[in-house]
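S.K.: Spelled out, the chains give:
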Amino acid sequence: EAGVVQSPRYKIIEKKQPVAFWCNPISGHNTLYWYRQNLGQGPELLIRYENEEAVDDSQLPKDRFSAERLKGVDSTLKIQPAELGDSAVYLCASSLGTGQETQYFGPGTRLLVL
Amino acid sequence: GDSVTQMEGPVTLSEEACLTINCTYTATGYPSLFWYVQYPGEGLQLLLKATKADDKGSNKGFEATYRKETTSFHLEKGSVQVSDSAVYFCALRVKNNDMRFGAGTRLTVKP
Numbered sequence: 034e035a036g037v038v039q040s041p042r043y044k045i046i047e048k049k050q051p052v053a054f055w056c057n058p059i060s061g062h063n064t065l066y067w068y069r070q071n072l073g074q075g076p077e078l079l080i081r082y083e084n085e086e087a088v089d090d091s092q093l094p095k096d097r098f099s100a101e102r103l104k105g106v107d108s109t110l111k112i113q114p115a116e117l118g119d120s121a122v123y124l125c126a127s128s129l130g131t132g133q134e135t136q137y138f139g140p141g142t143r144l145l146v147l
Numbered sequence: 008g009d010s011v012t013q014m015e016g017p018v019t020l021s022e023e024a025c026l027t028i029n030c031t032y033t034a035t036g037y038p039s040l041f042w043y044v045q046y047p048g049e050g051l052q053l054l055l056k057a058t059k060a061d062d063k064g065s066n067k068g069f070e071a072t073y074r075k076e077t078t079s080f081h082l083e084k085g086s087v088q089v090s091d092s093a094v095y096f097c098a099l100r101v102k103n104n105d106m107r108f109g110a111g112t113r114l115t116v117k118p
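Protein sequence lines correspond, in order, to chains A and B. So the numbering used here is basically just the index in the first sequence, starting at one, shifted up by 33. So the numbering used here is basically just the index in the second sequence, starting at one, shifted up by 7.
No lab work stands behind these hints: they were computed from the structure. Any given hint could turn out to be false.
To be verified - Calculated pairs, DSSO-like style, for lysine-lysine (alpha carbon to alpha carbon, straight line, at most 30 Å):
| hint | chain 1 | residue 1 | chain 2 | residue 2 |
| --- | --- | --- | --- | --- |
| 1 | B | LYS63 | B | LYS75 |
| 2 | B | LYS56 | B | LYS75 |
| 3 | B | LYS102 | B | LYS56 |
| 4 | A | LYS44 | A | LYS95 |
| 5 | B | LYS67 | B | LYS84 |
| 6 | A | LYS95 | B | LYS102 |
| 7 | B | LYS117 | B | LYS84 |
| 8 | A | LYS111 | B | LYS117 |
| 9 | B | LYS102 | A | LYS104 |
Go ahead and model the full structure; you've got the sequences and the hints to work with.
M.R.: This is the structure in structure tokens:
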């Protein structure tokens, strides 16, 4: 069974440019998470979806970040405009639900903002 | 708030040496505790977990015991291999399956 798929794997952009990341969760997983992992740190949750509903976006910087999961499957995370401090690895994870289920992580997208 | 503090790295060991990576937590209630491993270029993979006090999680020769009295969940392995080289993250699960991760400990095992 395929794991969580993310693309692109790497992205280099100049500051003030927009960027988007895509995630395809494991089939049948209703809950999807976006995390940001800064260099030398653990992942920090940005947003959590239950099906197509964003149920926790309290850590998402809403002035420049947006996310969507229109059909409750794939998800896109966007940054517009990007800032130097946005350089990080953006991880997507999915789980069956939000009970006691294990979260499965994708390989991440490494973003470098110049 | 709920948080995890883990041993700073990097840790460098010779093959077949014993490994301990310390992890302590602060939480209200009784969280589930996890160790995740991140190999170079890959995402985080669940290594082991424990859901209540005195539970021992184990996988691939790694073990960790949920110690409520010391609020700890130290990762141990009796004999490490070169293939164990990776970054290890301690984590706890709070409400709604949200995870709080430690900063990670990089382990390098030399032949």
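S.K.: Look at each hint and say if it fits the structure.
M.R.: Hint check results:
no.: 1; hint: B:LYS63 x B:LYS75; result: 12 Å, holds
no.: 2; hint: B:LYS56 x B:LYS75; result: 14 Å, holds
no.: 3; hint: B:LYS102 x B:LYS56; result: 16 Å, holds
no.: 4; hint: A:LYS44 x A:LYS95; result: 21 Å, holds
no.: 5; hint: B:LYS67 x B:LYS84; result: 9 Å, holds
no.: 6; hint: A:LYS95 x B:LYS102; result: 23 Å, holds
no.: 7; hint: B:LYS117 x B:LYS84; result: 15 Å, holds
no.: 8; hint: A:LYS111 x B:LYS117; result: 40 Å, violated
no.: 9; hint: B:LYS102 x A:LYS104; result: 25 Å, holds
In the structure shown, a violation is registered for the earlier hint numbered 8 alone.
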